[in-house]
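**Q** The lines below spell out each chain.
Number of protein chains: 4
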Amino acid sequence: MKLKCAVAGLGTNGAMHYAQLKQMDSVDIVAVSDPRLDELSDHVDLSGVEHTFTDYDALLGYGDFEAIFIFTPSGQHIEHIRKAAAAKKHIFCEKPLGKDESIEECEATLDFVRQQGVKLQIGFNRRFDPQFRDIHERVKAGEIGRPHIVRVVARDPFVLPYDFIRNSGGLIQDFAAHDFDMVSYQAGSRITEIYLQGTTLIDPGLAELNDIDTLTASCKLEKDGFGLIDESRKAVYGYDQRVEVFGEKGMLKAENVTESTVELYNDEAISLRKPLDYYLNRFKQAYIFEKASFIDSVVNDKPIVCTGEEALNAMRCCIAAQRSLDTGLPVKVSYE
Amino acid sequence: MKLKCAVAGLGTNGAMHYAQLKQMDSVDIVAVSDPRLDELSDHVDLSGVEHTFTDYDALLGYGDFEAIFIFTPSGQHIEHIRKAAAAKKHIFCEKPLGKDESIEECEATLDFVRQQGVKLQIGFNRRFDPQFRDIHERVKAGEIGRPHIVRVVARDPFVLPYDFIRNSGGLIQDFAAHDFDMVSYQAGSRITEIYLQGTTLIDPGLAELNDIDTLTASCKLEKDGFGLIDESRKAVYGYDQRVEVFGEKGMLKAENVTESTVELYNDEAISLRKPLDYYLNRFKQAYIFEKASFIDSVVNDKPIVCTGEEALNAMRCCIAAQRSLDTGLPVKVSYE
Amino acid sequence: MKLKCAVAGLGTNGAMHYAQLKQMDSVDIVAVSDPRLDELSDHVDLSGVEHTFTDYDALLGYGDFEAIFIFTPSGQHIEHIRKAAAAKKHIFCEKPLGKDESIEECEATLDFVRQQGVKLQIGFNRRFDPQFRDIHERVKAGEIGRPHIVRVVARDPFVLPYDFIRNSGGLIQDFAAHDFDMVSYQAGSRITEIYLQGTTLIDPGLAELNDIDTLTASCKLEKDGFGLIDESRKAVYGYDQRVEVFGEKGMLKAENVTESTVELYNDEAISLRKPLDYYLNRFKQAYIFEKASFIDSVVNDKPIVCTGEEALNAMRCCIAAQRSLDTGLPVKVSYE
Amino acid sequence: MKLKCAVAGLGTNGAMHYAQLKQMDSVDIVAVSDPRLDELSDHVDLSGVEHTFTDYDALLGYGDFEAIFIFTPSGQHIEHIRKAAAAKKHIFCEKPLGKDESIEECEATLDFVRQQGVKLQIGFNRRFDPQFRDIHERVKAGEIGRPHIVRVVARDPFVLPYDFIRNSGGLIQDFAAHDFDMVSYQAGSRITEIYLQGTTLIDPGLAELNDIDTLTASCKLEKDGFGLIDESRKAVYGYDQRVEVFGEKGMLKAENVTESTVELYNDEAISLRKPLDYYLNRFKQAYIFEKASFIDSVVNDKPIVCTGEEALNAMRCCIAAQRSLDTGLPVKVSYE
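Residue numbers (the numbering used here), protein chains in the order written: chain A, 1324 to 1659; chain B, 1324 to 1659; chain C, 1324 to 1659; chain D, 1324 to 1659.
Among the hints, a few may not be true.
When chains are identical, the list treats them as one kind, so a pair holds in a single copy or across two.
As the list claims (entries may be wrong) - Only pairs whose alpha carbons sit at most 20 Å apart, straight line, appear in this in silico SDA-like list of lysine to any residue:
no., residue 1, residue 2
1, Lys1576, Ala1592
2, Lys1546, Lys1557
3, Lys1607, Gln1346
4, Lys1325, Ser1620
5, Lys1345, Leu1369
6, Lys1607, Thr1584
7, Lys1557, Gly1468
8, Lys1557, Glu1571
In short, the hints are calculated from the structure, not lab data.
Let the sequences and hints guide you as you build the complete structure.
**A** In structure tokens:
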């Protein structure tokens, strides 16, 4: 039996998610909404979807589905989550949880979601990357004992367009949020303090957008132990995404996934293919798995893997991180 | 614009191909045929296919499609190719080209296909594996100069059921055909002589089926140079598929594709995940790419990557290989 | 023509260096000194050395050599360097430069060395590790453009005996000094600020020695860019020593050197041999190369690779690092 | 207590061995012989050797040593072994056992050695390579069960000078002898039949020397199972030496040893350092370990790792291999 679902938001990212959902056997997409529905026909195949709306409220008004996937703009997430919860729908919402909302507003929304008794998963896709997931499960299974140090490398292949960056929340909210979440996820522990350094080493123009292109972060963990993160907006060799967890009984680490295993030996060197070029390739499986996991949680009433509370924790970390960048000092993460 | 296609044969392998075709944007499956159509509903989703038949001839009788994918039993390939060519359809046929037919019968069929002016591709899927393809293209581009030695390792993860083996043509026809083709494909040269050794090291019971479980083969190439193949029916560590081409200016080699890049360091060893477990996983991409390549050949009138003639060459190699095993001597491959 | 040398200090480390010197063609060891000369005969082969002393001053009094290798206890380094310089000998001295001396005292010693016109090299052996050296030279040659992030992992295989730790200066002075030096060496830039976190995750007993077993450090570089270090006293899988430099045009990284290249594939995993077990194995070449480099500097009047000033910079970093650990705040490194 | 030894033959190879022996603590070199003793002073340091001779017989006449290392020209090995055995010295002799002697003459010599009760080791150095040794010991310990297929790759980095090749016995005797020995060593079984193909793909001029530059060989093993060998005189990427043993419970394989672990990631590829350039680097440890093993065998009366009988087996394989190349047919190896 398939889960009856709606999809809200069919922009670039939403269209990618939608195409994946269409190929999943466990899902039946019965309705979609997008304000620019007419312009989508080129790249989104809506055949087979019976109910289409240009308005989110109309979609909920229709309402004959159990779960909704929200890929609307970040600034609307909180509002759309609240409305979906009011309509008693289970919710998968792309990250981030909130954008300009205060922590308090987000908390209130999560409280409401809980009261309504619906499930909510936030799309921190990297948790579902097969490598990172493998590490997580083996850490949890005790293969390396208690974790001491979590290292995360996250480097993009090129500087994104200024127009995108301007609305992205900047390197900390757009990128580091993932990495704070990854440190917590792997360590099985919240981050209590962050010291973040950052600057523009690649593109000085970013300073005008009040943004940076390179950062490193030191994190203290609640259950003792440390996290170390480094990020860059431009790794010329591709999308560099690595995780390493060092513990009392060993280490688990995930190197990059490369384009192929072919090795060229010649008179100069041994040459291997580069890491996969971008997140759409590298995290393609992760995007599928996160949705499959959500569907499994709903259908079989299992716990959600990335909850709203965890997404909120990533927001709290971003706030502390930004303050650390501004002050040059380590800043405690507030969970009050 | 999509290519209108028919699919004949929806057994295990055919169903896998069919499912892949359904997810390809460039194809419109308008008709299928399978003698046991009624029993398929469990694992094959025929929704959206307007014309279904239990009879191959009836499918061709319907005929409103440009290309046909043939996944019927090996013993029917030659007959079904001939009929499809008579009906002026472009043909993708799973390997092998022929089974109990003589080389002459197969040649006559290929002649007829040519006369009818339709395209024919045989499904030697490994040519489309992204690693092996990468090697092929770089050898062709001259990256390692003239090839001197081609090495192919092909080891299955477990001994197949006797019922399957009995009808498979045995290790030489079922497995080594791929590897003779791989040697030719990578060397850009036909094999002129084969010395093959084989025996049962894993399962003595196979001797009763007149089959073997382990073989090595030395091949002489038309354009000078050598091929070396080894095969086993049981590699306990997974599906072991490797290719290496050594030439005057270097070497290209493809190691196995593993389940993940995660490394565990503990007090005993560094442990990596095993190679992908089986051909359905390892060659999943290859199966998609071979069909996409065929469609591209038909739609854009490009040369076929794996022709009937090449498939016939693999058959000629199998005949020489079998005689070598029987006589203990190297045997010339006849191309007359 | 061989360089006439003396060796002072034949304890465990000194004996290792002495054995290496004996096998180097470019050196003639004409004299040694060690207070416990009589007890050495078991593990040190002094045959062929004409002049042996129990007293450092007596060795210098003899004086018929051009260069001296100082492997005496850390607390005597400054004194022994000063005396050797006064005697106009070129000096190779094991790290650290000073122990309980103030920065000012060390600076005064370096000034005196300069006035005497003799060369002084401090034994930061890791600079001479073939992998780390290779990275350094390629960064310098511009292969990855301007360095943005330097990452250093340095993890010992087991907790050293308390007796040793008590006199070692602790994790910061004994271990991190190497890593601060490595960050500077690879980045081609001094460290201007350090934020260090540390604690006892492995052995709580170390707290009584006022020491830690795990640390992470974030470093700001003078020429922009960042350094990230993590250290542990106990990696159960061996001696873990890695360096990675990320820059505008690429990345250079050195993975661990393992015991062998042998891979075992079985039904559980692919297993590789562990990293080399300890510094004596991993840095064996480095210990040879650092002395060869010193000899080359003296004989051919070339610049010293690891100068007293650089060793002093590592001391300054340790002071800032300790203060950071004590205060929980980032601390500027003073170069005044 | 050190083993008193003599060294006969201080040509290029002998000088290398001699230098290694001088640095071994377990050996005391008391005498050497070489016909051109006067010309050696440049590259051989004879200081400390009390007795030097230009004549092998004179060396044996002196005789105050327990073991002799023979590095004289291949054509003299059999004669020198016989004389040393007559003088009751334990013998380490560089490979090959014999050159122009018949198998019968060699057998007679080995019989005589046995009668004299002295130990004899032949210098098949690759058995002592740490990687290949590791594989051997783990195969023997049963880690992969019964071996089914042994694969050996042996490729030189450049074509040797014609003057050397002319006296080397050609590719089969000079190179393949090692690889036949390696197959036996790893499989724990003698080779019973060989099919060898070879030609000149690199340097047609070698045909005039009646030699080849490329070969592949298929071997049948006494204990069932197969060996596959390929060799080339010119791998532009360095010295390519690999071994793989596939068995019922897994696979052990040794990849090349590279110059360093440093990886460069840039916009074109991931580049690694090449394999070690030549046998002097790659098998440096092996040369030390083979002599240490011999000394251990003599001093502690342990079995020899590479016996005269095993070296004789390699000669028998070379004879069969040459006949296979000449006839184009598989040839049985005669052990009668």
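**Q** For each hint, tell me whether it holds in the structure or not.
**A** Structure-based check of all given hints:
no., hint, result
1, Lys1576 x Ala1592, "between (26 Å within a copy, 14 Å between copies)"
2, Lys1546 x Lys1557, "between (33 Å within a copy, 19 Å between copies)"
3, Lys1607 x Gln1346, "both (13 Å within a copy, 16 Å between copies)"
4, Lys1325 x Ser1620, "within (13 Å within a copy, 37 Å between copies)"
5, Lys1345 x Leu1369, "both (10 Å within a copy, 16 Å between copies)"
6, Lys1607 x Thr1584, "both (19 Å within a copy, 16 Å between copies)"
7, Lys1557 x Gly1468, "between (35 Å within a copy, 13 Å between copies)"
8, Lys1557 x Glu1571, "between (34 Å within a copy, 8 Å between copies)"
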